[in-house]
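Engineer: From first to last, the protein sequence lines stand for chains L and Z. Under this note's numbering, the first residue of the first sequence carries the number 3, and numbering increases by one thereafter. Under this note's numbering, the first residue of the second sequence carries the number 134, and numbering increases by one thereafter.
Hints were generated in silico from the structure; no laboratory data involved. Any given hint might turn out to be false.
[Claimed, not checked] What the simulated footprint calls covered on chain L by chain Z, stretch by stretch (three residues with Cβ under 8 angstroms from a Cβ of chain Z suffice, anywhere in the stretch; the number is not a length):
no., region
1, 155-167
2, 176-185
[What the hints assert, rightly or not] Just the calculated beta-carbon pair ranges, DEER-fashion:
no., chain 1, residue 1, chain 2, residue 2, range
3, Z, D256, L, T156, 22 to 30 angstroms
4, L, I28, Z, K241, 50 to 58 angstroms
5, Z, K314, L, G175, 54 to 62 angstroms
All residues carry an ideal CB built from backbone N, CA and C; glycine is no exception.
Chain by chain, the residues:
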Amino acid sequence: MGGAHRPGPFATGLAWAVALYLLLPISIIIPVSLTDQRFLSLPVEALSLRHYGTVVSSPEWLDAIWQSFWIAVASTLLAVVAGTLCAIGCWRISRRSTDLVRALMLLPLIIPSIVYAVGLYRYFAKLDLLDRFLGVTLAHGVTGIPYVVITVSTALAAFDPRLEQAARSMGAGLAQTLRWVILPRIMPGIVSGAIFAFIHSWDELVIVLFIASRDVFTLPRRIWNGINENLDPAMAAVAVLLVIFTVLLLLLDQLLRKRRP
Amino acid sequence: MSTAGHALGLRGITRRYGNFTAVEDVSLSVGSGEFLTLLGPSGSGKTTILMCIAGFVAPSEGAILLDGRDITGLPPERRNFGMVFQGYALFPHMTVAENVAFPLRVRKLGAAEREAKVRAALDLVQLTRFADRRPAQLSGGQQQRVALARALVFDPSLLLLDEPLSALDKKLRAELQEELKALHRRVGRTFVNVTHDQEEALSLSDRVAILNHGRLVQEGPPAALYERPRTRFVADFLGKSNFLQGTVRQAAQGRFSITIGNTQLVQALPAGAAEPAVGALALLSLRPEKIGLLDDTASADNVVKGRIVTWSYAGAGYTVTVHTADLGSLQVTLPTWRAPIAPAEGLPLRLGWSADASVPVEEDAA
């Protein structure tokens, strides 16, 4: 980077303005979560951790956190298995038709999630999957597939196809080649996809609003309700915890990417 | 690793890609324990043939036989052929020992047996010290030896080499050529090598098959190909050659003569060659090192006069281009050690060669 042109003051200023614009709405919840008041507001007299206490001791919030967590874990599993297999299949066959399949797999990203949610609602009603753990997991898992397909396809693009030929020339069948050669090489891509799929499910609201009502109550849903019903600052505390958790996951992803040779 | 090598046969192998024919009707047989090299320029189909043998490319027509058994339909993982890939294709996420152990792990060998075989294979290529390194921590030559060990550790019926030395610098290449040759002698296996490097082909192989435009042009032991090229392409591709084309004037007693302009040349008829018809066109290949420098009194079967156009010093010899009245430009190599002349542009020379120095060759089919 030593030989690169240094950005001028205008470009630097613009970059900072954009960064602040992105960060401010997130950072405003931090002081709000530390308010000493009993409603959603900035701290008046002192900073207080009482709302964090409320969250940790409230069975409702804890239940929502655990529900969200297990749904995210299960749907990530689904997205990773399906997305990885799809990406590997497309890569191995590699025809014009597989490009189409790959494009189709990105549809959940492209279609507005509210449209998707309406469609799911109609199908899930018939399949008796509304307001079920399985239903939300399926919905989140399927909409998480694009993230995995993208990251795994990227990893595969950098995979030397001669490694696969080498494995086969030494007698390895498809399963052995997959397990010992292809998967270890594309593991960073799979982990990246898993992290994105997890975050996707973890903070997904629109679909949940449509296909869950009482039994399945995820964290974003709980926050949504909190804003609509009572302006409890505990919500801000939850939001901060959510942000911290997400940032940790992204840092983990960065760390894993750096370790890739 | 003492079981004998296996014999490989190609019967009329053809491979088409749409309208393009990459390999056309190639038949070859490789004897047990033989070192065969497929030699040709890029696009000659040599790698496609190797990929057919390995099983990664299915021939459009023809059959591949191993010890007489048809293996054309067998997938690569069931052929039991070792292969050294261009660029080696070592597994970057495994150590050297794990790389070499891979084919044994695939075959579900016990840990003790696996370890012993890996050690023996690494001994064979003198890399025991590097067993725990990753491929990225090795030099190109060392990686190449790991690839060899990995391809030989499971007692393959055949070892296939795809331009195994092309990624190495010249000096290392020469060293590894020697090693590869010694290795072949030690393991006694059948090797099939692919290269575009004619020097490598000549020095390594028991037999060379020369390919051009997907067809087998000529095959035989290196010396036979060099001394008796069948066509202009072979003479040109394998070493350097001057080409002399003239009209046949006379043919008798194992010799014939041709005229090119006002120059008459005498050509010995090689053993087994048919006498050419008088009046027909004949093409002769004449190697630059077989042309001698004559002083004013010396004589030879063929003598021409000319002047040096360009010359260059190449260590062991001078490469000299001599312009002659009837034969055009002739490439001549002269030894530099105690050279009879000091080359200079415009210097007049008398050149001579014997009737058996040159060989008649065919023009290549279009």
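Engineer: Now tell me, hint by hint, if it's right for this structure.
Structural biologist: The hints, checked one at a time:
Here's how the region 155-167 of chain L fares: 4 of its residues keep a CB closer than 8 angstroms to some CB of chain Z, so the rule of at least three is met and the hint holds. For the region 176-185 of chain L, the stated coverage by chain Z is satisfied: 3 residues place a CB nearer than 8 angstroms to a CB of that chain, which reaches the threshold of 3. As the Cβ distance of D256/Z to T156/L is approximately 41 angstroms, the hint placing it in 22 to 30 angstroms is violated. Between I28/L and K241/Z the Cβ separation comes to about 54 angstroms, which falls inside the hinted range of 50 to 58 angstroms.
The beta-carbon spacing between K314/Z and G175/L, approximately 34 angstroms, falls outside the hinted interval of 54 to 62 angstroms.
The structure fails hints 3, 5 (numbered hints given earlier, in ascending order).
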